[in-house]
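Trainee: For the record, the sequence lines run as chains D and F. Residue 338 in the UniProt record's numbering sits at position 338 of the first sequence, and the numbers go up by one each step. Residue 177 in the UniProt record's numbering sits at position 177 of the second sequence, and the numbers go up by one each step.
Quick caveat, the hints were computed from the structure, so don't treat them as lab data. Among the hints, a few may not be true.
Straight-line distance between alpha carbons at most 25 Å, and here's what the computed BS3-like set of lysine-lysine pairs gives [said to hold, decoys possible]:
hint : chain 1 : residue 1 : chain 2 : residue 2
1    : F       : Lys21     : D       : Lys124
2    : F       : Lys121    : F       : Lys141
3    : D       : Lys30     : F       : Lys22
Over the 10 Å line for every Cβ pair with chain D, so calculated as not near, a few chain F residues [stated by the list, open to error]:
hint : residue
4    : Ile33
5    : Glu78
6    : Trp151
7    : Glu174
Values in this document were obtained by computation on a predicted structure and should not be read as measured data. Virtual Cβ for every residue (Gly too), placed ideally from N, Cα, C.
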Amino acid sequence: MPTANTIFPIHGPVDLLTRLDSPDPETKLKALREIKNQIIGNRTKKLSFLKLGAVPAVASILSSYATQSDSQLVDADVSTSSIIVQSAAVLGSFACGFDAGVRAVLDAGAFPHLIRLLSNLDEKVVDASARSLRMIYQSRLAPKYEFVQEKNMEFLISLINSECENVTGLGASIITHSCQTSTEQRALCDAGILKKLISLLEGSLSQKNATLESLAAVFKKNPEVISKFVGLENERAVESSLSQRDSSLESPGTVIKNNTESVFKFVGPESGSALSSIIELTKDRYARTRLLACMCLVVIRNASPNYLQDMGIKAKLVYLLLELLDDPGQVGDEASFVFSSLVAGKKDLQQLAFENNAINKFCNQLQKSQLHPKRLQGVLLALADLCSKLESCRLTFLSLKVLNQVIDALTHDCADVRTSACICLRSVTRSIKNLCAGYFMNEMLVIPVIRLLDDPSVSVQVAALGVISNIVVDFTTRKSTFIQCGGVKQLVQLTKSMHSTVRFNALWALKNMMFLADDRCKEGIFLELTGSLLASLISDPEPCVQEQALALVRNLVDGCIKSIEYVFAEDGTLLDAVGRQLHNVSDEVGIQGMYLLGNVASGNELHKEAVLQQLLAQADNGAQSFVIKFLQSSDSRLRTAAVWVIVNLTFPSCPGAFGRLVQLKNAGIISQIRNMVNDSCLDVKLRVRTVITQSMTFGDGLT
Amino acid sequence: MESGTDPGIDLATITDRMAVKKAVQCGNVEDAIEKVNDLNPEILDTNPQLFFHLQQQRFIELIRNGKVEEALEFAQEELAPRGEENQSFLEELERTVALLAFEDVSNCPVGGLLDISQRLKTASEVNAAILTSQSREKDPKLPNLLKMLLWAQNQLDERAAYPRIKDLSTAMLEDPAI
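Next up, chain D with everything else stripped away, as it sits in the complex:
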């Protein structure tokens, strides 16, 4: 038998493309097949053919033969069909898992032709076109499908109802790709698509997988659609079991009518409800199916508090996902992400996972060498979620000595990995016990994190700031390490960023640094920041930035009286800025501002007078003092903070207290406070009574 062992293509790429142009269909067909066989599985070849313009060439062949096929009668020419099939296969392969290829195929205008070919009479043509379209729809570059248009919905339904596996798969992929809003989810649900999708869960492997993904897209954050789904039965599965029940169904029938909750209870997990079909698939022999089934269940769980909340299902999901982590391929990579979506923000699940040795499992993954970036990212994020609230998780993590691997990941090539390493560290550095011990304030950790403040990616910068915000809350006051590594300079630089998230996070970190800092530290930071920069940050367009800036200054002036002088630096620009800003702020910002003023008002006479002036300064439109507005706020924290300021200003043993009291009374502030004698909040009530008691020491001339 002659061996077809020629290693090189009989024709080089350029030659092949020339042959595509040949008028002879046989030559064309051969060239197409050969290109197809060269590119399938071979990303490198795809790229080089792409650069030579192969895609437009093949796309134009597809379009001209497709048009030809349209005008032919039932006995379609075999070679026309073959050419269409091969060109569709080539385009599909270019689009398979390769965004540049998808882009090229779309730009070449092949998409509408492929769609039209779905109605071709030759089933091989339909199959090939559907497959190629499926590849395109796996990419986010695919055009968005507008479900809400009636014709489109009809077309989609026809796809889902097809006999051809690739066509139903295409329908499902379209849903997975394009279903994003709740309107679209509802439209799909109303069109009756759920029933059909449920039956596809019993289909072939690729149908199951495609369906699971599409169901997740339809369910996401939509409890209404989920409850409709849960109420449905999987007819194919219950056929046999329900036939015996028919007669006994009469009376309960009226009870369960229109009540999805009781339908679910009646039908129950063991008798084939739609939900149980998905649960069954978590035991499928194929790992990818198990993963997708878990993902679907997690989506349902997260969206709707009515389903899948019992301990059994929680434990099962944790167990299954941890097991899937062992898969060496893409399934294992993705398992971490599904795990994260299961446990994120949920203490009970984090605890359950912890008890199932999740920390060990994920840390073991970190020990492996040459992890795929996607897997590494997933593992780091999962650890971040696990350690986000539970100290037990953090301590276990630290005891497993994988911190070095996480620090290594800070310098990984992939930005997503660097970001996730930071997010992981942010969770771990929440461990107060270790912060107190100064465990994290060492150069090995601090230096790479500070370097990331210069990272080209904004999300890496922001994530790094998160870590820094934690590690500078260092109760052993060994912040000098951080300062020595140039951290403060970097942070201050970032407060000038054009991205508000960066400014916000940088200020947060500085605020934490300022917390209980010693004089030298405060001085160092203030010199770097300068009063004028702080003043401009206090009046930043973003309220969250204003809040952090004020909180920073609040920490700055906290402590000894000397610290209060900072707000008077540079002719009192800071204090003026605070006063001006407070005329028009949200509650959160107001709280910080008032505590700031309260701290200043705890100083000497000059300080108190300055605060009073700020309180009494009129706003531009002549409105009343902002203090009164705050005292009337529905937020008790703000009322508390505001009353504190007045308490400090009217402290009896101070010489100017009486004078200030008179001015406050004239401004209507004291009578406002008197009205709050029975405030609902205890903190407020106590401070109010303090003010009243203090004012009474000056004699009762003031009512």
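Dock chain F against chain D, hints included.
Mentor: Chain F in isolation, oriented as in the chain D frame:
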């Protein structure tokens, strides 16, 4: 066909699959690749490890036929990119390419790659992939059932007298000797 029962799956898919397997077993890897792509172009596009192993086998066949220069060019053109695309293949890639370094390939440390067993391994890998794509079990059931039968009977032989199957082709249960 003899019993008249409906086979349940399209017999043509079995012949197609058998043709692919046979091509690999005979060392016609390029032919096998073409056939797989005709059967289902997605298989090799979504199975980087399988694709790598098939290219590896092509390389091995070149070495076996003494075409060293072509093998070298092939390694550069087709094998090296696999390593670039996927770092986890690098170790195996290095072992394979090491074949170029030895005069006496059959007796070198990586000579095992030239064994027929390597062909069979690749063949069964591609076979499994085709079966998976058709949603069939990766392993055919019958051999496993037979293995289980023989094992079970071996275990029982040590413990009891029971009617056993001696002749697998008739599967007649024979009563134990008293």
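Trainee: Determine for every hint whether it applies to the structure shown.
Mentor: Checked hints:
At roughly 24 Å between alpha-carbon atoms, F/Lys21 and D/Lys124 fall within 25 Å of each other, so this suggested pair holds. A hinted pair counts as satisfied when its Cα atoms are at most 25 Å apart, and F/Lys121 with F/Lys141 qualifies at roughly 19 Å. Using a Cα cut-off of 25 Å, the hinted pair D/Lys30 and F/Lys22 holds, with the two alpha carbons roughly 24 Å apart. Remark: the non-interface label on F/Ile33 conflicts with the geometry, its nearest Cβ contact in chain D lying 6 Å away (cut-off 10 Å).
Listed as a non-interface residue, F/Glu78 fails to keep its Cβ farther than 10 Å from every Cβ of chain D; the least gap is roughly 8 Å. The Cβ of F/Trp151 lies farther than 10 Å from every Cβ of chain D, with a closest approach of about 22 Å, so its non-interface assignment holds. Distance to chain D confirms F/Glu174 as a non-interface residue, since its nearest Cβ pair spans about 36 Å, more than 10 Å.
Hint compliance for this structure: hints 4 and 5 are broken, all remaining hints hold.
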